Structures are given as structure tokens and as C-alpha cells.
Amino acid sequence: KLPYIIEQFRWNKWVKVGEEGGNGKKSANDYTFKITPHSGENKFRVKQIDYSRRPRYSSSVKHRSKKPPVTFAPQKVKDVIIFSDNTMYEIYDAYGNIVKKGFGKDVDVSNLKRGTYYINYDKEMGKFLKK
Numbered sequence: 014k015l016p017y018i019i020e021q022f023r024w025n026k027w028v029k030v031g032e033e034g035g036n037g038k039k040s041a042n043d044y045t046f047k048i049t050p051h052s053g054e055n056k057f058r059v060k061q062i063d064y065s066r067r068p069r070y071s072s073s074v075k076h077r078s079k080k081p082p083v084t085f086a087p088q089k090v091k092d093v094i095i096f097s098d099n100t101m102y103e104i105y106d107a108y109g110n111i112v113k114k115g116f117g118k119d120v121d122v123s124n125l126k127r128g129t130y131y132i133n134y135d136k137e138m139g140k141f142l143k144k
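The sequence shown begins at 14 in my numbering and counts up one residue at a time.
Honestly, I wouldn't trust all of these hints.
[Stated by the list, open to error] Result set (DSSO-like, lysine-lysine): computed pairs, CA atoms no more than 30 angstroms apart in a straight line:
| no. | residue 1 | residue 2 |
| --- | --- | --- |
| 1 | K75 | K91 |
| 2 | K140 | K29 |
| 3 | K60 | K75 |
| 4 | K126 | K113 |
| 5 | K60 | K89 |
| 6 | K113 | K140 |
| 7 | K118 | K89 |
| 8 | K91 | K60 |
| 9 | K29 | K118 |
| 10 | K26 | K14 |
| 11 | K114 | K79 |
| 12 | K80 | K113 |
| 13 | K91 | K113 |
| 14 | K56 | K91 |
| 15 | K39 | K79 |
| 16 | K91 | K38 |
| 17 | K14 | K80 |
| 18 | K114 | K26 |
| 19 | K143 | K29 |
| 20 | K56 | K26 |
| 21 | K144 | K113 |
| 22 | K47 | K89 |
| 23 | K89 | K143 |
| 24 | K114 | K144 |
| 25 | K38 | K126 |
| 26 | K47 | K113 |
| 27 | K38 | K113 |
| 28 | K47 | K91 |
| 29 | K89 | K26 |
| 30 | K118 | K140 |
| 31 | K75 | K39 |
| 32 | K114 | K126 |
| 33 | K89 | K113 |
Hints in this document: simulated from the structure, not taken from any laboratory. Being a predicted model, the structure only gives us computed values, none of them experimental.
Given only the sequences and the hints, what does the whole structure look like? Please build it.
Encoded structure:
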């Protein structure tokens, strides 16, 4: 019973967006998973890692979303980043370390040190200054 990992292509990489348990039967099986698309064109695939730790991938599937692009504000942040809609996000420090990640409409960054940070959200990549 190996799990299936659902991945979405965003920010120039494949990102895990969920997991479904396999039922372990050799016959044909049906699975469903609710996706959360970003704006524009989306690509999804399924990955399964076998017992030899070798990943196997499905063909990717495309889906065009009619959602408007997500924006964020402010560019110079004191406490909170606010997105125009719920979105998956990742925040990196100047050394490329992920300091926050999640899903939502706002992010509390009050505990981050002053400096420049890089942010992946919706299907976009950007940066902001923590003051």
C-alpha cells in the first residue's frame, strides 16, 4: 500500500500539494483528490515511490483556471503580508532557506528579522523588505 503524491508545477518546480493512500491491489483503481489551482495554466502529476525508493511519475495534466492573478501588499512589511485571495506561499530568506510556508490570505511576518525576503505565491515569485 504505497501512497500517491499529487504534485503541481508552480514557481519553476514541482510542489507537493497532497497525498492519497494507495489500496495495494493490482487491479485498476479509482482515486480522487480536490486540487486548488492557481491563476492561469496549471499542471499536475502523480508520483509514487516504490519500495526500492525509485519515483514513478504519471504524465502531467493541464488545467486552465479563470481565477484572477493574486497580488500582495505591502512591499515594505512591518507585521503582515496580505494577499488579494487565498494562495499557497513560501517565504525565503537571503540565503535561500524557507522561513515560512502555508496557505492563506495573510501571513504574519512580525517574527522575521529586518531585511530582504523572497516570496513565492499563486504562480508568481517576488520579494519584499521586512522593516
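Quick rundown of the hints versus the structure:
Between the alpha carbons of K75 and K91 the distance comes to roughly 38 angstroms, so the proposed pair goes past 30 angstroms and is violated. Taking the CA atoms of K140 and K29, the gap is near 22 angstroms; set against the 30 angstroms cutoff, the hint holds. Of the supplied pair hints, the one linking K60 and K75 holds, its CA atoms being roughly 16 angstroms apart against a limit of 30 angstroms. Proximity of K126 to K113 is assessed by CA-CA distance (about 13 angstroms); at most 30 angstroms being required, the pair is judged to hold.
A hinted pair counts as satisfied when its Cα atoms are at most 30 angstroms apart, and K60 with K89 does not qualify at roughly 38 angstroms. Between K113 and K140 the CA atoms are separated by roughly 14 angstroms; this keeps the pair inside 30 angstroms, and the hint holds. Taken as a hint, the K118 and K89 pair is honoured in the structure, with Cα atoms around 17 angstroms apart against an allowance of 30 angstroms. Distance hint between K91 and K60 is unfulfilled; the C-alpha atoms sit about 39 angstroms from each other, more than 30 angstroms.
For the proposed pair K29 and K118, the alpha carbon gap of about 20 angstroms is at most 30 angstroms, so the pair holds. For the hint pairing K26 with K14, the CA-to-CA distance comes to about 27 angstroms; that is within 30 angstroms, so the pair holds. Simply put, K114 and K79 have alpha-carbon atoms about 24 angstroms apart, close enough for the 30 angstroms limit, and the pair holds. Restraint check for K80 and K113: the C-alpha separation of about 24 angstroms stays at or below 30 angstroms, so the hint holds.
A distance of roughly 16 angstroms separates the Cα atoms of K91 and K113; the hinted pair therefore holds under the 30 angstroms criterion. Distance check on the hinted pair: K56 and K91 sit about 34 angstroms apart at the alpha-carbon level, beyond 30 angstroms; violated. A threshold of 30 angstroms between alpha carbons decides the hint, and for K39 with K79 the separation of about 38 angstroms lies outside it, so the pair is violated. A C-alpha spacing of about 53 angstroms is found between K91 and K38, which places the hinted pair above 30 angstroms, so the restraint is violated.
A threshold of 30 angstroms between alpha carbons decides the hint, and for K14 with K80 the separation of about 36 angstroms lies outside it, so the pair is violated. For the proposed pair K114 and K26, the alpha carbon gap of about 15 angstroms is at most 30 angstroms, so the pair holds. In summary, the hint linking K143 to K29 is supported, as the alpha carbons are separated by about 28 angstroms, within the 30 angstroms threshold. With a C-alpha separation of about 11 angstroms, the suggested pair K56 and K26 falls inside the 30 angstroms cut-off, and the hint holds.
Restraint check: the Cα-Cα separation between K144 and K113 comes to about 17 angstroms, which is no more than 30 angstroms; the hinted pair holds. The straight-line distance between the Cα atoms of K47 and K89 is roughly 35 angstroms, outside the 30 angstroms bound, and the hint therefore fails. Only pairs whose Cα atoms come within 30 angstroms are accepted, and K89 paired with K143 is accepted, the gap being roughly 6 angstroms. A hinted pair counts as satisfied when its Cα atoms are at most 30 angstroms apart, and K114 with K144 qualifies at roughly 20 angstroms.
Proximity of K38 to K126 is assessed by CA-CA distance (about 50 angstroms); at most 30 angstroms being required, the pair is judged violated. Between K47 and K113, the direct Cα distance comes to roughly 24 angstroms. Compliance with the 30 angstroms bound is thereby established for this hinted pair. Of the supplied pair hints, the one linking K38 and K113 is violated, its CA atoms being roughly 38 angstroms apart against a limit of 30 angstroms. Restraint check for K47 and K91: not satisfied, since their Cα atoms lie roughly 35 angstroms apart, outside the 30 angstroms limit.
With a CA separation close to 27 angstroms, the supplied pair K89 and K26 stays within the 30 angstroms bound. Restraint check for K118 and K140: satisfied, since their Cα atoms lie roughly 17 angstroms apart, inside the 30 angstroms limit. For the hint pairing K75 with K39, the CA-to-CA distance comes to about 27 angstroms; that is within 30 angstroms, so the pair holds. Proximity of K114 to K126 is assessed by CA-CA distance (about 16 angstroms); at most 30 angstroms being required, the pair is judged to hold.
About 17 angstroms separates the Cα atoms of K89 and K113, which keeps this hinted pair within 30 angstroms; it holds.
This entry does not satisfy hints 1, 5, 8, 14, 15, 16, 17, 22, 25, 27, 28, going by the numbered hints stated previously.
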